[in-house]
Amino acid sequence: MQDLNKALRHLKKDPVLKALIDRFGSINYQPPPDRFTNLVSEIIGQQLSSKAADTIYSRFLTLFPNKKFTPKLILNQPLEKLRGIGTSWAKARSLHDLSQKVLAKTVQLDQLDSLSDEEVIAHLTAVKGIGRWTAEMKLMFTFC
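Using numbering that gives the first Met the number 0, the first residue of the sequence shown is number 0, and each one after it goes up by one.
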């Protein structure tokens with residue numbers, strides 16, 4: 000959040016941007032709790048309306064104690080059970096693939112900051128169900 004405030008101070012040096020920021024206020028940015036959770040949410044919500052994605056994600060959370068999940072807990076859920084909450088077979092397999100790769104450390108989400116953009120894209124697109132577009136959106140709006 001400190002970087003956001005610094006960015007706003009910088010942007011306000013421009014008179015046009017200052018007027019817009021003063022008129023509309025600053026954004027209320029809530030960073031995702033962690034990268035794994037964010038990617039799980041992204042996979043579940045792909046190609047769905049926000050309402051449908053929120054509904055399925057809420058059902059997904061009910062599969063786990065205290066609505067908290069880890070890669071291991073996701074892998075303990077049979078694909079059929081993930082399918083039963085409204086995800087497609089492809090998304091259920093993607094959730095398992097992401098979880099397997101995080102546990103095997105072939106996808107190291109905590110190392111993304113040290114990689115170039117292209118390396119991050121290659122890293123993320125190694126997961127079934129995460130394409131270049133999703134990886135680029137994560138770079139622009141969430142991860143780095």
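These are computed hints drawn from the structure, not numbers from a lab. Heads up, a few of these hints could be off.
[Said to hold, decoys possible] Subject to a maximum C-alpha distance of 25 Å in a straight line, what follows is the list of computed PhoX-like cross-link-like pairs (lysine-lysine): (1) K80 / K100; (2) K80 / K67; (3) K80 / K50.
Okay, the hints, checked on the actual structure:
1. K80 / K100: Holds - the C-alpha atoms of K100 and K80 are around 20 Å apart, at most 25 Å.
2. K80 / K67: Between K80 and K67 the Cα gap is close to 17 Å, so the pair holds against 25 Å.
3. K80 / K50: Holds, at roughly 21 Å.
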